[in-house]
Amino acid sequence: MIQPVLKLINLSKEFALSHSFSALRSGKLLAVDKVSLEIQPGQTLGLVGESGCGKSTLAKLICRLESPTSGEIYFKGAPLHALAGEDLRKLRHGFQPIFQDPFGSLNPRFTVFETLAEPLRLFGFPSGPNEVSTLLSTVGMGPELLFRYPHQLSGGQRQRLGIARALAVQPELLIADEPLSSLDVSIQAQVLNLFLDLKDKLNLTVLFISHDLRVVSHISDTIVIMYLGRVMETGPARELFQEPRHPYTQALFKALPKMAPGRNRQRAFLQGELPTPINPKPGCRFHSRCPNAAPICLQYENELEAVSATHSVACCRWKQLETLNFATAP
Amino acid sequence: MNRSFWLKFKQKRLAVLGAILVAGLLGLCLLAPLFTHAGPDVQDLTLRLHAPSASHWLGTDEFGRDVWARMLYGGRISLSVGLVAVAISLVIGIILGAIAGYFGGWVDQVIMRTVDIVLCIPTLFLILMLVVFIGPNLFNIMVIIGLTSWTDLSRLVRAEFLTLKTRDYILAAQSLGAKNPRIIFKHILPNALAPVFVSATFGVAGAILLESGLSFLGLGVQPPTPSWGNILTAGKDYITQAWWLTLFPGLAIFVTVLGYNLLGDGLRDILDPRLSGTHHE
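So the sequences go chain by chain: V and F.
Counted from 1, the first sequence has number 51 at position 51 by my numbering; the numbering is strictly sequential.
Counted from 1, the second sequence has number 190 at position 190 by my numbering; the numbering is strictly sequential.
Some hints here could point you the wrong way.
The calculated BS3-like cross-link candidates involving lysine-lysine, where the alpha carbons are at most 27 Å apart (straight line), are [said to hold, decoys possible]:
1) K281(V) with K199(V)
2) K7(V) with K28(V)
3) K165(F) with K28(V)
4) K8(F) with K90(V)
5) K90(V) with K76(V)
6) K90(V) with K186(F)
7) K186(F) with K76(V)
8) K10(F) with K90(V)
9) K28(V) with K76(V)
10) K319(V) with K90(V)
The set of hints was computed from the structure by calculation and includes no laboratory data.
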């Protein structure tokens, strides 16, 4: 069997909330709760969830910008969770993040050249103007931009520059945390296409985090649905799209706008806000908003159950619930 | 500093005035021999307490020394106390603030509680005590003022580091394997400096005032070396007969402090992105 590029086993991250003067307000925030997943070489895994569900924390854990509370992270077999210091630094060029906000992810006092020369130099690649120009051209930008500052670039250019910086060190795994969501729709398509081109050309493995189901299902091989730090459902993109089993996944698909004039569809399927992840109540994480919640859900901790060889769902009632049929993917 | 900075700066009339005052006083003091032929220590007892005249523009003091010359050479002392003391407090404040803000945790606690302790002690009394112990001379005064005025700067730098270290570009640098010193000095510090420089210009004014106050209490720079503070002090005994002995050094201190404060105010308005969108142009 081929070794997965990324493998997470029961990965958890807990933030201790402490209030300096009173113990009353302290508690634990479970941002990521026992997440397990793996990505095979060359595959794209789409991670979907509402804001606040722990997607970004998961990305930071994988990039080891945060340390996990418990659980294991393997990058091509190397135990990232157990490494620190120089050992970790040597591996870092293998996995690179791409950030959501293309302005915040660039040092405002670094020119394009400095931004791209730094990673090259840090990992001992040649970092002259020629190498940097070549790198810049891989993301479709010309050498005339070399000495511009981030504030002199457009949003799309900045995001391309962020991608170029990540690619500078020739990573195998890209962790893209909502890379499109702060761009205009027209630019989104451009950057997405660039992304897909580069992925094929450089044979990259990608963890693509988004709240946009359509984009994710367009580019992913596998989809993972997260809710309040937990994995709710996971499976091949096609299968998940056609037969979503978890009520939450079904709600997400229902909420997608459809091109169907004249049909008055019920859109507001999910009521209320994401509940607080601080000191979560026992039971299924989703039960407070689930349209199919039953008393048994209060005793259930979301454990993934296999629906098929590749498709798993964390709902105790999935067998009883009628599956929604999505014959035609949008 | 780019072109848009200068364009914005030119629009701030008061900041330009401040810059002119600061630069003018620095120029006068540094080039003192060009503006006076008299030495600051040359006594002529036949000319005691003469009022301002064509030969002695600002009059003479109780030893017949030319006040204009003493003002220029004293300015060198007063301004260098201000600049050197602030340079010392900048170095301490930036290093401690950067370490506290970047590393956080117990390091932050130790440094910030130390700051709290230092802040608890009234600065003037701390300085007076230190001066009494190690003696009042120019070097000691500069070092002592520097060593007691870094607390505000370190808090400011820490606050900047706390916000900047969570920016995505810092995370990007970390995931590229950049080491801590590189992240602190190349990535965070240049972005944190604007408010620090603003605060430092106010600090220069504060240090000059502090030195004048110390001299006034007789614990500053010791005569015969002139400083604006001790010229003022010496003049207070003759305030009823010789107004020029107190007016001019007082005016010099006032103008300097005003100049630095106007400059600092202007720089803050220009550099603070919350007050104007400089970073986005």
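Now the hints, each set against the structure:
{"no.": "1", "hint": "K281(V) with K199(V)", "result": "violated (41 Å)"}
{"no.": "2", "hint": "K7(V) with K28(V)", "result": "holds (26 Å)"}
{"no.": "3", "hint": "K165(F) with K28(V)", "result": "holds (23 Å)"}
{"no.": "4", "hint": "K8(F) with K90(V)", "result": "violated (45 Å)"}
{"no.": "5", "hint": "K90(V) with K76(V)", "result": "holds (14 Å)"}
{"no.": "6", "hint": "K90(V) with K186(F)", "result": "holds (21 Å)"}
{"no.": "7", "hint": "K186(F) with K76(V)", "result": "violated (32 Å)"}
{"no.": "8", "hint": "K10(F) with K90(V)", "result": "violated (49 Å)"}
{"no.": "9", "hint": "K28(V) with K76(V)", "result": "violated (32 Å)"}
{"no.": "10", "hint": "K319(V) with K90(V)", "result": "violated (47 Å)"}
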